[in-house]
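Chain B: place on chain A using the hints.
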Amino acid sequence: MAEEQDLLERPERPEIIAPGYTFGTVTDQISAVVLTKKTPIFWTACFGVGFALLLLFLWSVVLLFAKGVGIWGIRPPVMWGFAITNFVWWIGIGHAGTLISAILLLLNQRWRNSINRFAEAMTLFAVACAGMFPVLHLGRPWLAFWLFPYPNTMAIQPNFRSPLVWDVFAVSTYATISALFWYVGLMPDLATLRDRTTSRFARFTYGIMAMGWRGSARHWSVYETASLLLAGLATPLVLSVHTVVSFDFTIAIVPGWHSTFFPPYFVAGAIYCGFAMVLALAIPLRSVYGLKGLITDKHLDNCGKIMLATGLIVAYAYLMEIFTAWYTANVYEHEAIWHRMFGPYASSYWSLVMCNIIAPQFLWFKKIRGNPVLLFIWAVIVLVGMWLERFVIIVSSLAQDYMPSSWGLFHATRWDWATYLGTIGLFMFLFFLFIRVLPMISIFEVRTLLPQAKVEEEEAPR
Amino acid sequence: MAQIFHHSTNTFARITIFGAVFILAFLGWAFDTLNRSAYSTRATQPREQPVPFSHAHHVGAIGIDCRYCHTTVETSGFANIPPTKTCMNCHSQIWLTSPTLEPVRASFRTGESIRWTRVNDLPDFVYFNHSIHVNKGVGCESCHGRVDQMPLTWQENSLQMEWCLNCHRNPEKYVRPREFITKMGYQPDGDQDTIGRQLVKEYGIQDARTLTSCSICHR
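As they're listed, the protein sequences go chains A and B. The letter at position 40 of the first sequence is residue 40 when you use the numbering used here, and the numbering goes up by one with no holes. The letter at position 77 of the second sequence is residue 1077 when you use the numbering used here, and the numbering goes up by one with no holes.
Just chain A, same shape as in the assembly (with noise of 0.2 Å):
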């Protein structure tokens, strides 16, 4: 009797899909987008820009490798410039990814299904992105593998103490665990474009790919029991990662970066720049492939208000980072904070905090976020806020530290930027390849959304 009650009490849920879907048309929509002949010249155009862009990177990294880190504007006393700006942008960005597809898993917020796989995928490549400027960064890349510990030559570890270390197991799980997962929740997706192409060699490779997958009830049970495992194993990674890249600053003891509240701000900076990510990709892509009916207005509104919350919490950060340093009555504290708000990297500061405190409290507005063209130019706003901030916390806290007679500022140099803009075409590049040859949607995981679906559910004996 209880029971009962428990069901009628029980709010319903409002449809998250789009109505009129059925099983077969949310398969034939979402595989027909990887399996037609015919691309989209939006595709073919950002695909193009991605690629162009990725010659760019290649060439800037050969430059790199033949010249040295010179070629960039490091000097002392700021060595850390673009490349580790650029690390802590991308691996932030990440991280919604991981947010969406483990944490609202097992929250069980099923609205996430339209959007996780394309985001997985954005983890991925945000992580490959991000992964390679600490090591472009090295001044002797090749060496990259003395970072792992590994019986050598040499007799010696590297330095455990160091959180530069911790940084290197923190992205190398981060990145291992975004990997598994998201491989795993392609198989069945996988198989089911085998068994719906025509054509033999794509039938053949997405028949690898899908490592035997036949959908047996023994195939769904493992999968449910490893997807719930890798999503358990990749719930800690969310708030650890970005907390280990913030001990990067934390650590050391530069007025500006010592800060015991680094690691929530850095976790809750990660999360909204993510989903910014998440939006920016998302309202292209569903306008151009028709899919309002799965990604409808509802998960752009819940995403706008993420990156609300979220946003609330990076700029709670902003405010106490000057409370602090007037609280710490510390000279070189208010130095810091004083220099970063009115020294030479003002114009930085203003603009992020324009585009990351201010700019986000429009999304209060139910107008603003029921709108995509709006939320799109929002979300780049916020993507370049979140850029800034990093540049001025790495930048303005190392040009300016106890010794005025070691001061000196950051100027960026073509190659900077080119490094930067090649990364970000990098990006595109994997991403639009992802978009063209693997299912930008989880087909069956949609499927669970459907009303028919939940029918069944009910009508399952006891």
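Don't take each hint at face value.
[Claimed, not checked] Dumping the calculated SDA-like pairs for lysine to any residue here, alpha-carbon to alpha-carbon at most 25 Å:
no., chain 1, residue 1, chain 2, residue 2
1, A, K67, B, P1123
2, B, K1173, A, Q157
3, A, K67, B, K1173
4, B, K1173, A, A155
5, B, K1136, A, M154
6, A, K38, A, D195
7, B, K1173, A, M154
[Stated by the list, open to error] One side of the interface only, derived from the structure: several residues of chain B facing chain A at Cβ under 10 Å:
no., residue
8, T1009
9, N1010
10, A1013
Hints are computed from structural coordinates only; laboratory data are not their basis. All C-beta atoms, glycine included, are put in the ideal place defined by N, C-alpha and C.
This is chain B only, laid out in the frame that chain A set:
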């Protein structure tokens, strides 16, 4: 629909999973072994010299002390390659007509040095000083091996950093009394651990923490 893959593919797939593990492990092992091998370090490989100078003959058979030729080993970072004049001390008297020694006589006539091939060549980013080692009781033999048994000189040890650190971490295992510095085939008179510890104290050898500080060797 026809099967895409033959039944045997299942077995093949399983083998590749295990195979990947073994191949990766093998590659790791192979890389490590190659890295430590004589092929890579050139240890124990005799080098060609313009004159086939034999340490085995001069040290082992005749019994010349190392310091007769390597004069600065106790006072300088560099142990000294002897000038041709040192050779001529004896070879102006013996083996006067030997064709093998013609380059030595030619060098003496013209004043142009013999271009010996360097055998023990440390990388340029390593600072090494002979005098400190010799004065703190590290015998020639400890690094250069039984030179008295080398017809053509070879590098005895790998010269890899782990080899240096072996001793810098535990100097008491390798040091000997100063009077036996140039002795070949030295055997400690008693227990090396006891003697070693005593010598470390007596010679004021720094503790392992100082000796393994980066800037001890990388200056």
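These are the hints, each one checked on the structure:
Between K67/A and P1123/B the CA atoms are separated by roughly 22 Å; this keeps the pair inside 25 Å, and the hint holds. Distance hint between K1173/B and Q157/A is fulfilled; the C-alpha atoms sit about 23 Å from each other, no more than 25 Å. Between K67/A and K1173/B the alpha-carbon distance is near 45 Å, which puts this suggested pair outside the 25 Å criterion. For the hint linking K1173/B to A155/A, the alpha-carbon distance of about 18 Å falls within 25 Å, and the restraint holds.
Among the hinted pairs, K1136/B with M154/A is consistent with the structure: their alpha-carbon atoms are about 24 Å apart, no more than 25 Å. For a cut-off of 25 Å, the pair hint linking K38/A to D195/A stands: about 20 Å separates their Cα positions. For the hint pairing K1173/B with M154/A, the CA-to-CA distance comes to about 20 Å; that is within 25 Å, so the pair holds. A hinted interface residue such as T1009/B counts as satisfied when its beta carbon comes closer than 10 Å to some beta carbon of chain A; here the least separation is about 8 Å, so the hint holds.
For N1010/B, the shortest C-beta to C-beta distance to chain A is roughly 7 Å, which falls under 10 Å, so the interface hint holds. Hint status for A1013/B: holds, given a least beta-carbon distance of 7 Å to chain A, under 10 Å.
The structure fails to meet hint 3 from the earlier list, while all remaining hints are met.
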